[in-house]
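Asker: The task is simple: from the sequences and hints, build the whole structure.
Chains as they are written, first to last, in my numbering: chain A, 10 to 72; chain B, 440 to 1087.
Please note that the accuracy of each hint is not assured.
Claimed, not checked - For the chain A half of the interface with chain B, some residues (derived, Cβ under 8 Å), not all of them: (1) Gly37; (2) Gly45; (3) Tyr46; (4) Glu51; (5) Lys53; (6) Ile55.
What the hints assert, rightly or not - Computed, partial: chain B to chain A, Cβ under 7 Å: (7) Pro453; (8) Asn454; (9) Asp570; (10) Tyr608; (11) Glu740; (12) Ala745; (13) Asn748; (14) Leu818; (15) Leu840; (16) Met851; (17) Pro931; (18) Lys944; (19) Leu946; (20) Ala947; (21) Arg948.
Keep in mind the hints are simulated off the structure, nothing from the lab. We put the beta carbon where it would ideally sit given N, CA and C, even for glycine.
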Amino acid sequence: MIKCPMCGFQFQQNKKVCRNCPMGIGCGQICCPNCGYNLPGESKIISKINNIWERIKKCSKKN
Amino acid sequence: MNIKENKIVLVGNPNVGKSVIFGLLTGKYVTVSNYPGTTVEVTKGYAVLENKKCIIFDSPGINSFIPQSEDEKVTRDILLNQKIDKIIQVADAKNITRTLLIALQLAEIGLPFVLDLNMIDEAREKRINIDEKELSKKLGIPIVSTIATQNQGIAELKETLKNLKRPDYHIKYDSLIEEALLRVEKFLPESQINKRALSLMLLAGDLSLKSWLKENLSQEKLKFLEEVQEDLAEKYIEPLAYIINEQRLKETENLIKSCVKTEKIILKNWVYYLGRISMDRFWGIPILIIVLFLMYKFVGEFAAGAGVNFVENTVFGKYLNPWAIKIVNFLIPIPLIKELFVGEYGIFTMAITYALAIVMPIVTAFFLFFGILEDSGYLPRLAIMANRFCKIMGLNGKAVLPLVLGLGCDTMATITARILETKKEKIIVTLLLALGIPCSAQLGVILAMLAKLSFSATLLWVGIVLAVILLVGYLASKVLPGKGGDFILEIPPLRIPKLSNILIKTLARLEWYLKEAVPLFILGTLLLFVLDKIKMLKVIEKMASPLVVGFLGLPSRASESFIIGFLRRDYGAAGLYALADKGLMNHTQIVVSLVTITLFVPCIAQFFVSIKERGLKTALLISFVTFFLAFLIGGLVNFILHYLGIIL
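Answerer: So, in structure tokens, the structure goes:
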């Protein structure tokens, strides 16, 4: 669940909402369905670092 | 098994778990299709309840039954046209105010319905205790609690569907509205929706009902209904939709008072008191000034001074640019291609250097500061302060939100203007965004340039920009029919921001910024490169000379900044920053150039979004007005400063 820092509305990221947006799905922002405030989507760099970290953890467990 | 199919629709705010409940009721056999005449998708599935085959619709999320978006219109139209037998209102138990606002409207609509308080576990965790029995008694409808993600309460929900009755709950509106309702109800055709609810939609100015009414009523009756609506609207200062919503909100508050108990543990420390006074009419202003001053110091002086100096002069000036030149000279023998990469208007020496060496350190600092404001809970307080400022202009409520969001990104804020009710409000907010609300990147570069100036010059820039916004907003509000509806903001407690949150958000915002800005920086540079090579740049500079040099009093090279400013205002500002950095502009020229570029057309993305949202004609008109006012006011500032002999 994401809580909008502007209006306090709690919501889940929903790509359906983006279909009617002129920016399209790939803008990398998450819009609050209540007030339109946009938050940055997940950082790709951080998610890649997380993935690598997870792999390292798995490898170390195997060993 | 009975052949007759029951039609059940799931209704509720966005993101309350409707789709999960829908999946649990229908299983996997569903069809997804666009609702006739729209691009809105409606999911339809089948289930067997009480030995009857049922069609279940998953309607788009709504915040009101007076539609303000295509999604909301589709949900209302399903109830109006689909011969619905029963409704399941799926609600987020944590957002009880929004839940009850919808429940009250459904009660008015009069179709049998059950209120499903979903995510009840999260509400309990937050110590929100809903007296379901009392609420059920008051509203006259059954209430079920579910945790859809754990399949809890679904069997009870199915059981409750067996014995649904039409609700009999009416809000008593004020006497003027009640009188008008009686007059309107008589003339309305029979429909699935209760006549009282239809009348309320009509009185609230629901334009989307018109086509349905035209099909079902004579011209005479239609005219009479419009007259009643207009007569009533004249008796109130605020729009009727706002008045009706206010009275529903009061009813909701009364229900909450008697049926919901929220245990709040408030730690009354210094942060609590700071949070309270930051919204105060008097103390809120000095706190806002302190916040803006700190932002100016951090972004304008620290990041633009030490940060840019290090990245531009040391990292790029001493290492990256000389290396890039060496590599290009070694690899590419053709002089034209060499210049394309590392020449005066080279992709590396101009586009990449501007983007990474000038704008990025400034924008990073701005995003860090913005992240602190966001994570500390100051942003809603900023919206409250801005609301007071906007009231001076005559704008109100919802209009504030896109203007505050414009400080992040004007393009996204233009889309947010959708939440406004009237077309005129949308146009005015789009105009104000295009004209005077600098986006994060541009604001960063502006703060950096201001840091080079005296305090009086900074005040002059702030004063001029504020005066222009106030004047345009005030003039625009004069053509507005009344005030917009207030917006519900949940004010969180002020808290100490978490460093990890701020860093993660800053990194994500930087990624987004670079992805969006760098291609346009490269495109702008290519444009200048081509214009230079075909000898058109000098011709344009010469043609623009009466305006840029004569009227604005700027060096002729400033024309280049305005050309690339068409693609992105922050790129234009970065061009002016580079001119100021090289000592090619004095303080008066810096102020004039800053005023002009602040009021300049925002960026090509915002222009395209404006076309999509407001139409080509309006978008072109807004761009023309913005362009004209930017140069006019810039020129006037130059003229007045010179005429009065003021040296900044």
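Asker: Now look at each hint and say whether the structure bears it out.
Answerer: Each hint tested on the structure:
The restraint placing Gly37(A) at the interface with chain B holds, with a minimum CB-CB distance near 5 Å, inside the 8 Å limit. Because the beta carbon of Gly45(A) sits about 3 Å from the nearest beta carbon in chain B, less than 8 Å, this interface hint is met. Because the closest C-beta pair between Tyr46(A) and chain B is about 6 Å apart, less than 8 Å, the hint holds. This hint holds: Glu51(A) has a C-beta 7 Å from the nearest C-beta of chain B, less than the 8 Å allowed.
Interface hint at Lys53(A): satisfied, since its Cβ lies 6 Å from the closest Cβ of chain B, which is below the 8 Å cut-off. With 8 Å as the threshold, the beta carbon of Ile55(A) comes within range of chain B, its nearest partner Cβ sitting at about 6 Å, so the hint holds. A distance limit of 7 Å between C-beta atoms decides the matter here; for Pro453(B) the minimum to chain A is near 4 Å, and the interface restraint holds. Hint on Asn454(B) holds. Least Cβ distance to chain A is approximately 4 Å, under the 7 Å limit.
Among the interface hints, the one on Asp570(B) is violated; its C-beta lies about 22 Å from the nearest C-beta in chain A, farther than the 7 Å criterion. With a least beta-carbon distance of about 25 Å to chain A, the hint placing Tyr608(B) at the interface is violated under the 7 Å criterion. A hinted interface residue such as Glu740(B) counts as satisfied when its beta carbon comes closer than 7 Å to some beta carbon of chain A; here the least separation is about 26 Å, so the hint is violated. Interface restraint check for Ala745(B): the shortest CB-CB distance to chain A comes to about 25 Å, outside 7 Å, so the restraint is violated.
Violation of the interface hint for Asn748(B) is found here, the shortest Cβ-Cβ separation to chain A being roughly 26 Å, above the 7 Å cut-off. Checking Leu818(B) against chain A: minimum C-beta separation of about 5 Å stays under 7 Å; hint holds. Hint status for Leu840(B) relative to chain A: holds, with the closest Cβ pair at about 6 Å, below 7 Å. Taking 7 Å as the C-beta contact cut-off toward chain A, the hint placing Met851(B) at the interface holds, the least distance being around 5 Å.
Hint status for Pro931(B) relative to chain A: holds, with the closest Cβ pair at about 6 Å, below 7 Å. Evaluation of the Lys944(B) hint against chain A yields a held restraint, the C-beta minimum of about 6 Å falling below 7 Å. This hint holds: Leu946(B) has a C-beta 5 Å from the nearest C-beta of chain A, less than the 7 Å allowed. Annotation: Ala947(B) was flagged as interfacial toward chain A, and the flag holds, the nearest CB pair being 3 Å apart, inside 7 Å.
Hint status for Arg948(B): holds, given a least beta-carbon distance of 5 Å to chain A, under 7 Å.
Hint violations for this structure: numbers 9, 10, 11, 12, 13, all remaining hints satisfied.
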